[in-house]
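Please construct the entire structure, taking both the sequences and the accompanying hints into account.
Here are the chains, one letter per residue:
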Amino acid sequence: ETGVTQTPRHLVMGMTNKKSLKCEQHLGHNAMYWYKQSAKKPLELMFVYSLEERVENNSVPSRFSPECPNSSHLFLHLHTLQPEDSALYLCASSLHNTGELFFGEGSRLTVL
Amino acid sequence: AQSVTQPDIHITVSEGASLELRCNYSYGATPYLFWYVQSPGQGLQLLLKYFSGDTLVQGIKGFEAEFKRSQSSFNLRKPSVHWSDAAEYFCAVGISGNTPLVFGKGTRLSVIA
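The listed protein sequences correspond, in order, to chains A and B.
According to the working numbering, the residues represented by the first sequence are 1 to 112, in order.
According to the working numbering, the residues represented by the second sequence are 113 to 225, in order.
These are calculated hints, taken from the structure and not from any lab test.
There's no promise every hint is true.
[Said to hold, decoys possible] Think about it this way: if two alpha-carbon atoms lie no more than 25 Å apart in a straight line, the pair counts; the simulated DSS-like pairs of lysine-lysine are: (1) B:217 / A:40; (2) B:217 / A:36; (3) A:22 / A:41; (4) A:19 / A:36; (5) B:180 / B:161; (6) B:161 / A:41; (7) A:36 / B:161; (8) B:217 / B:180; (9) B:173 / B:161; (10) B:217 / B:173; (11) B:217 / B:161; (12) A:36 / A:22; (13) A:41 / B:217; (14) A:36 / A:18.
[Unchecked claim] Pair by pair, the computed Cβ-Cβ distance ranges are: (15) A:42 / B:225: 29 to 35 Å; (16) A:62 / B:208: 25 to 31 Å; (17) A:28 / B:163: 42 to 48 Å.
Where a beta carbon is used, it is the ideal one built from N, C-alpha and C, also for glycine.
So, in structure tokens, the structure goes:
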């Protein structure tokens, strides 16, 4: 059983839909991350939250909107996505001062 | 900024054969070093990590890695590969606990009978 849980595991949405990905960690960590993993591309860091404050935003388009209401939960709100946004979205968490990441199993997103 | 290179995109080995996956990093000081494994459709699982001390690190599933400062390398090894080891392997580097890890592009391992 993973300490980082992502829902849904699979999501299919049209370009005009609004949906959200959810991540929950049960490890007592205080930093959470969103990564995008596309076929034949390296892992792309999207957002980092540390102590519930966003500390990194790697030039991600505004159609992706993160939310971190507390140290255990992280959301990625999606709206008016493009087909090229289809990918595996991975959530991870860490203790602030260790660097070691614990990953969820990912949410496979398909945009039609 | 630090960077990570995994020179092999895809490696195929026979079951029972030994394995070595290469990882080189670029950073002036000794970074934190990690190896992760990803099975198809899954998240990344930590195999092992190096922070300091003994340069030969033991991990889960029979894997080990050796940190060589002179070569800026952190290669992953396993003496006898099992079919279940087929997966994608990622090397990652951190320069402190306050910065996100930098990942290599990954090496896909195929295991044949």
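Here is what the structure says about each hint:
{"no.": "1", "hint": "B:217 / A:40", "in the structure": "holds (9 Å)"}
{"no.": "2", "hint": "B:217 / A:36", "in the structure": "holds (13 Å)"}
{"no.": "3", "hint": "A:22 / A:41", "in the structure": "holds (23 Å)"}
{"no.": "4", "hint": "A:19 / A:36", "in the structure": "holds (16 Å)"}
{"no.": "5", "hint": "B:180 / B:161", "in the structure": "holds (14 Å)"}
{"no.": "6", "hint": "B:161 / A:41", "in the structure": "holds (24 Å)"}
{"no.": "7", "hint": "A:36 / B:161", "in the structure": "holds (23 Å)"}
{"no.": "8", "hint": "B:217 / B:180", "in the structure": "holds (20 Å)"}
{"no.": "9", "hint": "B:173 / B:161", "in the structure": "holds (14 Å)"}
{"no.": "10", "hint": "B:217 / B:173", "in the structure": "holds (22 Å)"}
{"no.": "11", "hint": "B:217 / B:161", "in the structure": "holds (18 Å)"}
{"no.": "12", "hint": "A:36 / A:22", "in the structure": "holds (14 Å)"}
{"no.": "13", "hint": "A:41 / B:217", "in the structure": "holds (7 Å)"}
{"no.": "14", "hint": "A:36 / A:18", "in the structure": "holds (18 Å)"}
{"no.": "15", "hint": "A:42 / B:225: 29 to 35 Å", "in the structure": "holds (31 Å)"}
{"no.": "16", "hint": "A:62 / B:208: 25 to 31 Å", "in the structure": "holds (30 Å)"}
{"no.": "17", "hint": "A:28 / B:163: 42 to 48 Å", "in the structure": "violated (20 Å)"}
Violated hint for the displayed structure: number 17, the only one.
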